[in-house]
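Q: Chains A and B, in that order, are what the protein sequence lines are. Just so we're aligned, residue 7 is where the first sequence starts under my numbering, counting upward by one. Just so we're aligned, residue 7 is where the second sequence starts under my numbering, counting upward by one.
Everything labelled a hint here was simulated from the structure, so no lab data went into it. There is no bait here: all hints are sound.
Quick list of the computed label-pair ranges, beta carbon to beta carbon:
| id | chain 1 | residue 1 | chain 2 | residue 2 | range |
| --- | --- | --- | --- | --- | --- |
| 1 | B | GLY116 | A | GLU59 | 28 to 34 Å |
| 2 | B | THR35 | A | GLU59 | 25 to 31 Å |
| 3 | B | ILE95 | A | ILE383 | 51 to 57 Å |
| 4 | A | ALA67 | B | GLY135 | 17 to 23 Å |
| 5 | A | ALA67 | B | GLY270 | 48 to 54 Å |
| 6 | A | ILE121 | B | ILE95 | 29 to 35 Å |
| 7 | B | GLY39 | A | GLY135 | 51 to 57 Å |
| 8 | A | ALA278 | B | ASP22 | 56 to 62 Å |
No farther apart than 25 Å at their CA atoms in a straight line, the calculated lysine to aspartate or glutamate pairs in the DMTMM-like style are these:
| id | chain 1 | residue 1 | chain 2 | residue 2 |
| --- | --- | --- | --- | --- |
| 9 | B | LYS25 | A | GLU62 |
| 10 | A | LYS25 | B | ASP55 |
| 11 | A | LYS261 | A | ASP248 |
| 12 | B | LYS25 | A | GLU59 |
| 13 | A | LYS25 | B | GLU62 |
| 14 | B | LYS25 | A | ASP55 |
| 15 | A | LYS25 | B | GLU59 |
| 16 | B | LYS198 | B | GLU268 |
Where a beta carbon is used, it is the ideal one built from N, C-alpha and C, also for glycine.
Protein chains: 2
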Amino acid sequence: MAAVVVQKYGGTSVGDAEKIRRAAERVATTRRGGAAVVVVVSAMGDATDRLIELAESVTAAPDPRELDMLLSTGELVSCALMAMALRDIGEEAVSMSGAQAGIRTDAAHGRASIIGFDPAPVRRALDAGRIVIVAGFQGVTEDSDVTTLGRGGSDTTAVALAAALEAERCEVYTDVDGIYTADPRVVPDARKLARIGCEEMLELASYGAKMHPRSIELAAWRNVPILVASSAGGVPGTLIHDAETEAESMEVANKVRGVTYERGVARITLRAVPDRPGVAAAVFQPLAEANVSVDTIVQNASGERLTDLSFTVARADLRAALEVTRRVSESVGAQQCVSNDGLGQVSIVGAGMQNAPGVAALMFSALADAGVNIEMITTSQIRITCIVDEPKVDAAVRALHAAFELADD
Amino acid sequence: MAAVVVQKYGGTSVGDAEKIRRAAERVATTRRGGAAVVVVVSAMGDATDRLIELAESVTAAPDPRELDMLLSTGELVSCALMAMALRDIGEEAVSMSGAQAGIRTDAAHGRASIIGFDPAPVRRALDAGRIVIVAGFQGVTEDSDVTTLGRGGSDTTAVALAAALEAERCEVYTDVDGIYTADPRVVPDARKLARIGCEEMLELASYGAKMHPRSIELAAWRNVPILVASSAGGVPGTLIHDAETEAESMEVANKVRGVTYERGVARITLRAVPDRPGVAAAVFQPLAEANVSVDTIVQNASGERLTDLSFTVARADLRAALEVTRRVSESVGAQQCVSNDGLGQVSIVGAGMQNAPGVAALMFSALADAGVNIEMITTSQIRITCIVDEPKVDAAVRALHAAFELADD
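Just chain A, with the same shape it has in the complex (with noise of 0.2 Å):
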C-alpha cells in the first residue's frame, strides 16, 4: 500500500475554475509521485457566506438542521468540480459527501464533533487507484441526518481523515504560504517558521492565524504532522509537528517562536470587590448564560480583604457584558464597575519558554523602551499576553519582534 498524504484546499484555494485546476494539477503531480492521495476541499469562495444570505431571506431564524443541509451543498459542489478537473487531466477520481466517505458526528447541528469515521468506503477507492475527493466541514449523524463541524471544520475533516488513514502528512493549503514570526503587515522583517510545535501553533490559531484548533488538537493528540503551505505554490511552508527526536526538540525548545497581537479588545473592572468564595462565579455565569465570551480574566488584590477583577471581551460584546456585569456587580459588593474600549493585547509564544528565564522580564522591559505601558498582564505554559493600549498596538508587536530577534534565522 503506498503512503497515504491528504491535500487539504481552503475556500480561496478553490474559489474559481482557474484555481481548483491549478489545485488539480498539484493533486495529480503527488498522486503521480506514487503517493496515495486523499483531498479535502471547503466550498468554493464566499459560498458559505451565499448560503446563509439565501437561509436568512427565507427565515429569521434558520433552523439549524436544515441550515447544516443547506451549509453541506457548498463543500459538494468544489468535491464534485474538484474530481471533474482531475478526470479533466487524465487522473482517476471519485468525489464523496461526508455521509459517503463514513464521517460519522454527533447531533450538535452548526458545530458537529468527529465522532467515528468508517475508513472502508475511502479505502476501497484509494486500493482501486482512485484519487478520493471528501467533502470537508460535515458528517452524518445515525439517523442519517447531515451535519456540519463549524467553520473552520474542514481542517477538522483533513486532520481527522490523516489520523484514520495513518497518512504521512496531512498538506494545508491556503492564500497564505505558512505560520510567521508576527503579522507582516506589521513586522516588515517577519520570518516564516519552517516549523513550529502544536502548542505554539494552538496560540497562535487563536490569535488569528488560520488553522482550526481543533483540527490542531487532533492533530497534537493523533500525531499528524500538518504542513501549511500556499496553494500558489514555489515556496515552502510551515511544519506543524511536535518535536520527536532530542535533536529536533533542542531545535526549537526555550525560544520565543513568535509574537502575535489582538485589536478591539474592551476590559470590564469590579473595583474592592470582598475577596471571598463564589464572586467569580456570581460575575461569569451570567455572562456566559447571556453569551459573551470571556478571554483574558485577572484578579489583583488591591487591599486586605478586597480584591480588583478584571477580564476583557471583545469590543462588540463590551455593551452586552457592561450590561450583566452592572446587574450582579451590587450583589457581590463591588465598589465600583468601570470599562476601557480602547485596549488590544501582544503576546509572545513558545513551548518551553517558561524554563528560560528572563523571557518576562526582557517582554516587559522592551515594551517599556517603547514607551508601550501595560495595563493587564497573564501568562500561560507557553504563552506571556499583555493587554496595552490598542494605539500602542504595532509599537508593542515590533518592539517585541526586536528584542527576541525573531527575524534572525
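Knowing the structure of chain A, use the given hints to seat chain B on it.
A: Using the frame of chain A, we list chain B on its own:
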C-alpha cells in the same frame, strides 16, 4: 393514517425566497386541512443551468458521476430552504435528499431510472406528524453514488412517491395553471381543460406541454391522479387522470381534446427506394448511431416496386441527418435524397378519436379551407398529425381549434 398528498414545486415556483415562502403557505394550508404532506422540489430557477456552466468552466467534458453529484446540490438547496420556510410558520418539516428518502436508481448518470423506493424513512417522518420535503430529480445507486433522473425528473420523483405512498393525488405546481386546448399565445380563446386522460396528456407533453412524459406514464401505470396548477394560486388546474367510471369516460370520449404544434421541423425524403426488407433499418440504424432523433416516419408507395421514404427531424439536426442519409442513400438504391427545412406540424389529440367517424376528414377540410397544404400525415390511436409549411402553423392551429369547437366547454 391521514390521506397522503404529494405536492411538487417546479423551479419557477421556488425561484426566490418570496416564492418559497408562498409555496410553504400552500403546503401548510394543505397540512392544516388534515392531510399528510410530502413536498418534492426542483432546483431554484436557473440554479441547474448555473451549475452546468460551473462544470463547463472546469472541464469541457464533465464526468457523468461527478456532474450528478454537482447537479444534485441544486435540489438540496431548495429542499432545505423549503423546510426552513415551513418551520418559520410553525410547521414541523424535515428535508431529505434522494438518498435519505430511499429513492434508489440504476447507475445511468444524468438519466437514471428509479428502480426502488424504500418508503420507511418518509413514512416514519409522516407518522411523526412532519411534512417531508424530498429533493426531486435525484436518487442513489446501490453503491451509494448520487444520480440524477435527467431534466423533468422532479415530476417523476413526485409521481413515484405518490404511487409508493398510495397518495390521494399528486399536485404539480408550476408557472402555467393547467393544460389548454391549444397554446393561448396562438389561439386567444384556447380553453383550460378541467380534466385530461394520461394518454392524451402524453401526446400533449410530447409536443411541448410541461409535464415530463415519464412521469405521466408512471402515473397512468400506477393510477395516480395528477393535478397540474399554478403556484400563483387562485384558479383551478387540470386533473390528469384516466376515466374510472362510465360517466367519467362518457365525458371525455370521442372528442378532440386539444391542438398542439411544433415549429422548426425538417424533412428528408429518399425518392424511389426499391421496396425490399431491410431498407428502413439500413437508413435508421446509422441515424440512431449518429444520435439523430427521428420524429415522424412515412413511407409512400410511388410505383410498383419503388417507394418514397420520408422522415422528419428537428431543424437543428438536419445537417447531421443529411450527412448520414446521403451516405446510405446509394447503398439502399434510392434515386434521390431531398430535404425541406421549412416545415412545422400540427396535431389534434383525443382518446377514442379513432371511434369518432369524420374526425380526420374534418381536420383535412379545415386545413384546406384555411389554405394550408398538407405535406405529410401520420396518425396514432389518439392523435392525427399533419406536416405543413412552417409559416402556416399558426393559421392551421387556429383553424383546427375552431373546427373542433374547442373554445366551447
